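Engineer: Below are the chains, spelled out letter by letter.
2 protein chains.
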Amino acid sequence: MPSSGNSYKVRLLLSLLDLPCEIVDCEDATLEIAQARADGRLPFGKVPVLELDSGRLLPESNAILLYLAQGSHLIPADPFHQAQMTAWMFWEQNQHEGVIAVRAALRNYPSRAHLVTPERLADLLDRGHQILGMMEQHLSGRDWLVDGGMSLADICLYAYTHTAEERGGYDMARFPAIRRWCARIAALPGYQELFA
Amino acid sequence: MPSSGNSYKVRLLLSLLDLPCEIVDCEDATLEIAQARADGRLPFGKVPVLELDSGRLLPESNAILLYLAQGSHLIPADPFHQAQMTAWMFWEQNQHEGVIAVRAALRNYPSRAHLVTPERLADLLDRGHQILGMMEQHLSGRDWLVDGGMSLADICLYAYTHTAEERGGYDMARFPAIRRWCARIAALPGYQELFA
Chain A
0 MPSSGNSYKV RLLLSLLDLP CEIVDCEDAT LEIAQARADG RLPFGKVPVL ELDSGRLLPE
60 SNAILLYLAQ GSHLIPADPF HQAQMTAWMF WEQNQHEGVI AVRAALRNYP SRAHLVTPER
120 LADLLDRGHQ ILGMMEQHLS GRDWLVDGGM SLADICLYAY THTAEERGGY DMARFPAIRR
180 WCARIAALPG YQELFA
Chain B
0 MPSSGNSYKV RLLLSLLDLP CEIVDCEDAT LEIAQARADG RLPFGKVPVL ELDSGRLLPE
60 SNAILLYLAQ GSHLIPADPF HQAQMTAWMF WEQNQHEGVI AVRAALRNYP SRAHLVTPER
120 LADLLDRGHQ ILGMMEQHLS GRDWLVDGGM SLADICLYAY THTAEERGGY DMARFPAIRR
180 WCARIAALPG YQELFA
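Chains A and B, in that order, give the protein sequences.
Residue numbering for the first sequence follows numbering that gives the first Met the number 0, starting at 0 and increasing by one per position.
Residue numbering for the second sequence follows numbering that gives the first Met the number 0, starting at 0 and increasing by one per position.
Read the hints as simulated data drawn from the structure, not as lab findings.
None of the values given here were measured: they were computed from a predicted structure.
Even for Gly, the Cβ is constructed at its ideal location relative to N, Cα and C.
The reader is advised that the hints may include incorrect statements.
For the chain B half of the interface with chain A, some residues (derived, Cβ under 8 angstroms), not all of them [claimed, not checked]:
1) L57
2) A62
3) Q69
4) H72
5) Y108
6) P109
7) Y190
8) Q191
For lysine to any residue, the following SDA-like pairs were computed, each having C-alpha atoms within a straight-line distance of at most 20 angstroms [said to hold, decoys possible]:
9) B:K45 - A:G132
10) A:K45 - A:A28
11) B:K45 - A:Q136
Modelling step: build the complete structure from the supplied sequences, incorporating the hints.
Structural biologist: This is the structure:
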């Protein structure tokens, strides 16, 4: 789904690791996505989905990242660093995505317009600034989320964070460490933008 | 946190694998949890947290499960089965926990009473039945969530599913495959109840 941060995570990883993959676009609220769902090609009803050469289907963006990055430098060798990485990835799905991505979706997808209320947008703004504040505090004085170097945690959190101002309406001037971290990722060899 | 499904996942795994661990209770809305937060012992502001002998702290229940179960039979050796396992675990944090656990919390914790509205409870009931319906469909004709045997995905999803009726008010009579799966888990050697 071209506009989805969860899909972008996977595209960014594929590009950073230079892995070959055919990308099939399924934008929100289109016939393509309805058809994919009807065909049973979306095991959990959502995108992205990774289809292997064998035909096996894997849902969930963060599970796809872990699967594709096996053996690469993006999964720390140290078991505790690896656990810190997965902790950030679960936190992203439980706390960050349900606020930052949801506010962006409410503001950008016409199909969600009927769910928008001023109270809901205000609540998501306030909670999102708290969530970004937690990342800001952690990234102050650190280059990457996990000790030991860049990892999947950075790719995972970057997806919805780097568009939090433009798409979500968050005030990123408050978060200079996050902005430096975003610039660090955007400067990586093989980096690809959300809308490439 | 004795009443938390996220904490219970970790206790259940420790018991199933017979791993030694000192358990420190921090119930919701108590002085203990406020103190733990003030002391910087809750890296992401929430429980459970695993503290290693070295003093290092690991948040996020599902990251703790993955860390503690390394090398055990609860993490499939096959990389695709492992990816299916983590897919269910991310889905749990993104879809299941934010509905099933949230409805249970609204009904059971006095500290959440001010967040309860009839519309919100009705919405969470409807969405929860859809989520449980997805698990029911998947578990019909399967013993465990992931092909190849019981895994962390079952422990992870069991935590809030097995109390969905009693604490969440969901109608589990609709989901016979889930009920058989719950009974399978409750019969495991080393099984421990939520309130042991």
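Engineer: If a hint holds in the structure, say so; if it doesn't, say that too.
Structural biologist: Here is how each hint holds up against the structure:
1. L57: holds, 5 angstroms
2. A62: At about 4 angstroms, which falls below the 8 angstroms cut-off, the nearest Cβ of chain A leaves the hint on A62 of chain B intact, so it holds.
3. Q69: Result: holds, 6 angstroms to nearest chain A Cβ.
4. H72: Given a least distance of 18 angstroms, the restraint on H72 of chain B is violated.
5. Y108: violated, 18 angstroms
6. P109: violated, 22 angstroms
7. Y190: Violated - the Cβ of Y190 of chain B stays beyond 8 angstroms from chain A, reaching only about 24 angstroms at its closest.
8. Q191: Violated, because the Cβ-Cβ distance from Q191 of chain B to chain A comes to roughly 23 angstroms (cut-off 8 angstroms).
9. B:K45 - A:G132: holds, 16 angstroms
10. A:K45 - A:A28: holds, 12 angstroms
11. B:K45 - A:Q136: holds, 16 angstroms
Hint violations for this structure: numbers 4, 5, 6, 7, 8, all remaining hints satisfied.
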